[in-house]
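Which chain is which? The protein sequence lines are R and Y, in order.
Using our numbering, read the first sequence as starting at 1 and increasing by one per residue.
Using our numbering, read the second sequence as starting at 1 and increasing by one per residue.
By construction, these hints were calculated from the structure, which means they are not laboratory data.
There's no promise every hint is true.
If several chains are the same, the list does not tell them apart, and a pair holds so long as it fits within one copy or across any two.
To be verified - Below, simulated SDA-like cross-link-like pairs (lysine to any residue); rule was C-alpha separation at most 25 Å, straight line:
1) Lys617 - Gly598
2) Lys522 - Tyr590
3) Lys658 - Arg614
4) Lys617 - Tyr590
5) Lys658 - Tyr619
6) Lys386 - Ala253
7) Lys634 - Ala444
8) Lys216 - Glu206
9) Lys87 - His291
10) Lys634 - Tyr102
11) Lys87 - Lys261
12) Lys22 - Lys634
2 protein chains.
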Amino acid sequence: MNDNMLVASIRGLGIDMINQAKSGHPGIVLGAAPILYTLYKNHLNINASDSTWINRDRFVMSAGHGSALLYSVLFVCGYGITIDDLKNFRHIGYKTPGHPEYGITPGVDCSTGPLGQGIANAVGMALGQKILKERYRIDQSKSLVDYDVYALVGDGDLMEGISYEACSLAGTLKLNNLIVLYDSNGISLDGPTSKTFNENVRARFEAMGWDTYLVKDGNKIGDIDKAISKAKKSNKPSLIEVKTVIGYGSMLAGTSTVHGKPLDDADIEQLKKQLGLPNEPFYVNVEEFSHLRNHIANRVNPKYMEWNDNYQAYVRLCGGDSTLAGYLFNNDFNYDLINLDWKFPTSLKQALRDTNNVFINYLNRNIKTIAGGSADLASTTKTYVKELADIDANNFNGNNIWFGVREHAMGAILNGMALVGVKAYGSTFLSFVDYLKPAMRMSALMKLPVIYIFTHDSISIGPDGPTHQPIEQLALMRSIPGMKVYRPADAKELLGCWQAILNTNHNPSALVLSRNEVDLLKESKALETLNGGYILHHETTALKAILVATGTETHTALHIAYEYERAGEGGIRVVSMPCLEKFLETDQNYQESVLPPGYRKIIIEAGSSFGWHRIMKDYDGIISLDTFGVSGTKDEVLQAMNFSYQQIFTRVQELLVKK
Amino acid sequence: MNDNMLVASIRGLGIDMINQAKSGHPGIVLGAAPILYTLYKNHLNINASDSTWINRDRFVMSAGHGSALLYSVLFVCGYGITIDDLKNFRHIGYKTPGHPEYGITPGVDCSTGPLGQGIANAVGMALGQKILKERYRIDQSKSLVDYDVYALVGDGDLMEGISYEACSLAGTLKLNNLIVLYDSNGISLDGPTSKTFNENVRARFEAMGWDTYLVKDGNKIGDIDKAISKAKKSNKPSLIEVKTVIGYGSMLAGTSTVHGKPLDDADIEQLKKQLGLPNEPFYVNVEEFSHLRNHIANRVNPKYMEWNDNYQAYVRLCGGDSTLAGYLFNNDFNYDLINLDWKFPTSLKQALRDTNNVFINYLNRNIKTIAGGSADLASTTKTYVKELADIDANNFNGNNIWFGVREHAMGAILNGMALVGVKAYGSTFLSFVDYLKPAMRMSALMKLPVIYIFTHDSISIGPDGPTHQPIEQLALMRSIPGMKVYRPADAKELLGCWQAILNTNHNPSALVLSRNEVDLLKESKALETLNGGYILHHETTALKAILVATGTETHTALHIAYEYERAGEGGIRVVSMPCLEKFLETDQNYQESVLPPGYRKIIIEAGSSFGWHRIMKDYDGIISLDTFGVSGTKDEVLQAMNFSYQQIFTRVQELLVKK
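Here chain R stands alone, though its shape is the one from the complex (with noise of 0.2 Å):
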């Protein structure tokens, strides 16, 4: 086998691929292409035809940008990707997108792009795997589950704030199956990373508990491989920093110029001469490849066959029923939680966020894959499960992860979580949801089944202050495609919308608590809760208008309405929409059932109005919030705020009479 004429052909498709794209990023192809070859040639046990084994070590692309390096080590490496895929690289339609998209390109384990996520991704897969291994062990030696996590990082992953928050826990807890390749080029978009970066990544990653090594020529692929040998063997997640040079080869070659922009047909031509090429683009040495690819199969199908008899003995494990492997294998769950015997007593008058806390734990005894924590605020988000271990990094056989105060790695280690079949929650105060957006969004984009959990959800938490208050959290979370906000009123409800979630497999969900005590609702229904909003409670006589509320401000629509009714007026219908998104999908039918046309809607939320607007009509009203809190008492909040039951009281009334 040829290394260097793989090498060069690996680095020839990624330059033919931007150039007949007219656009990607050639700097890390001729750079990295050393390390990804060495990586896929010695060390992935992976199995180009069955590209989604779960047991395949995993690697991810941290470094979005390198698609066109990373499909092209794919293609090499045999995966199902076609020359037809390369040659229309960034185009709709082919298995090739600009960033590496999850679901779309067999041997892509992960969306990459904005940078930080992957890394933090990567840290989420070997959480994951440490916490299934031990759940789908066969026996003291053996498991279902025992891969490593193999991640690209470049300077900017390394510079954002989301992937120290990830590596600093990874190091907490010791994750020795994480293993991260350090593209270290000195040079980022706008130039060389002197101007920004100036520190010692290695000295920064040892005070964080990791292992570093140093290969100082990018190209000698014996040091890289021999680097990768050790990293494997410690006992700590390892930092393998390469020294490389942004677009080796190309007459750009050490600038920031060959970043992200295509090279011109003379460097190309000189490239390729350089790399022992024929200048034709798209050369493909089918011999060579054909070496590496049965180098790889004859490294790997040993393993590959071992795993085979390890999922065979874990299935006569449980009896012979192999669906009890089960959604380690899919993201496919169904669970019926809602005719389980919960017998809330009618008196119930219990924060949800302790509520919460039941269905956490029972959760957390009943489903194999679970498994979650919070941002250093369990106590009080209360998700904490006291009856089940901790995990650390002297134990992975537990279920609660103490994320510390780090929001935004939360929300990506969720998703490597979800990635790797974890069912994945994660908590913190709704006014912090900003912090972790961007992992939030790509669990949207990955349709990840990740569940967020947020307390302390409105101005009501009082004395904290503005800062801790939310607002505009709601709608930024329901503004993001694909999320699903629930907002339950009470214990039924909670019910239902933890019935949903579970049972929402390819979306992520967010469940939104309040911190202080409600009734349980004489009327709610968890199963109406399905459907997104319900009729709660009937108008008595002729219907005259609906107040539509969610979470606490249920219960308020609910006391005016009985006082409307006290005072002779049967005409208020309260309906409660505890999941906007789902209502908006149920039929049209149902949804004009629970909201007629033509009667008036009074929308009653502790937050900004943003958005309630797309299900109202011109003579519909909104009690809201839409300017910062105030830190006082809950009631002095509230009454500042315009808030108060009294006060929401009088301004339904003036809405109700509005012409």
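Keeping the supplied structure of chain R fixed, place chain Y upon it in accordance with the hints.
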């Protein structure tokens, strides 16, 4: 002066505040009191009677939950806070909100609470000071701006990615005017940091180019004092790790329970006994407080007087014109950009990011306090000023800041710069606004006139794919209370936007620009842009319908109206809406003159419809993008998303005839 009694008093007052409020964080009050005491007594150059003195040293309480400690210290030091303010901690109407809020409390230089923001703001203040120092020089050795920036951080701050980003940049820029005091107590809200944060923090900071110091016993004022004195002499930023005991003196000392829960009466009684304080709430030792105040005044007064001399010297340098210190002293900025002679050729066809570079150049050459940069995308957002110098560790006499791939820190650093009087701007791609949302919210909350610039503003960027194609990002920004989002259609509107932005003194602004070329519109008007929305093209016959658009879609709307006119239908009006928030601030008469009720509007924007329904009536329509994009060429993507010119035209036709 009795240090012990003063520190005890600070602790006692803080505990009394929390006890009276039944809410707050006693752990940090008891643990970190000696740190703040030492800093205020011996180091901060401040004047309690002139708390906004522009040359004061800045202090940022990054661990914002330590507000009671800060207020207690400020009270003892003689700032304009009364004992009544302390007694009403966390109540509306007093100077003692739950977390420190800029503008409410004398001596509070920055709003804090969401962890990590404060330390990044402090980096921004330190950078701002370095820049302004060069611009307000009196001679080689003297400047009108010459102070240090201090911050108190806890473990939570240092776990947050934004703190890493900002501190890494501070190390690269060798901001030796920045001293960070690290309240290192090994406990966060949920428990011991060994669970989550098992790294060598000082080694990490050293790897990032900082000097570090260790104070082993946080009660030893002399040791803290020595460490600060050393740090002031460093040529790097400094981190002083002070080992403290959370809740020192409480029966719960050293546990996470004492982090955020008031102490009980028995605990307070034994604590006060231990501290040598009488067991009475809000005990004030008038004599000792007075000693401390005199001590600080005697220490600082010579510097305060010297600065007044410097100010006189500076005014003399300016030929006696004191207004030339100008913007440095307040945020009230007044600039008439429109009436300059811009001479855009009518044939101008240019990407707005390029046109914007002309303005950025002009402003940097003409506004004394302006500075900004990009999160490693200046070469493509085109915010780089080639003619002016870069800011780096060896030169702060420049204009271009290289933030690195650190969007979040960029936002918070801009906030810090704005807090010290820099007209600060920063740029990245629109899709990455997600990364800096938390900082942007703080800009709005603190009412800082920070300028965010976003290019690559829609799916029409094409091949980079859905991770880089903004969809919900305009909605995200518009949903932030107080935020103004500008999306101009051409060079004239961009000029108008800049006029509005420069004179927006108490709110952040976001300027959103396309990557693609646009024509100069014949009918666009810079001045009318100031209304946020205006009639770009009048109907030529009786009004039938109105097309409302922003940015590049304004051109689409206009062409559609022209097509209708050519086909004999002159009733289509085109309204350009570069800033919806500003339009909604105009009076109803103006709004109705632009968008007369009863006439159908069709809104066209290459982004989520989320939020637009606010201005829509039942008969209106919207052509928007509510799903994620795809990777392909620009034309492929527009076609796939039903957003090509022809497709939009067809959709307009359908909407216009809809019943």
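Hints, one by one, checked against the model:
no. : hint            : result
1   : Lys617 - Gly598 : both (9 Å within a copy, 14 Å between copies)
2   : Lys522 - Tyr590 : within (23 Å within a copy, 49 Å between copies)
3   : Lys658 - Arg614 : both (20 Å within a copy, 18 Å between copies)
4   : Lys617 - Tyr590 : both (17 Å within a copy, 23 Å between copies)
5   : Lys658 - Tyr619 : both (9 Å within a copy, 20 Å between copies)
6   : Lys386 - Ala253 : between (56 Å within a copy, 23 Å between copies)
7   : Lys634 - Ala444 : between (34 Å within a copy, 23 Å between copies)
8   : Lys216 - Glu206 : both (18 Å within a copy, 23 Å between copies)
9   : Lys87 - His291  : within (23 Å within a copy, 79 Å between copies)
10  : Lys634 - Tyr102 : between (45 Å within a copy, 22 Å between copies)
11  : Lys87 - Lys261  : within (17 Å within a copy, 63 Å between copies)
12  : Lys22 - Lys634  : between (58 Å within a copy, 12 Å between copies)
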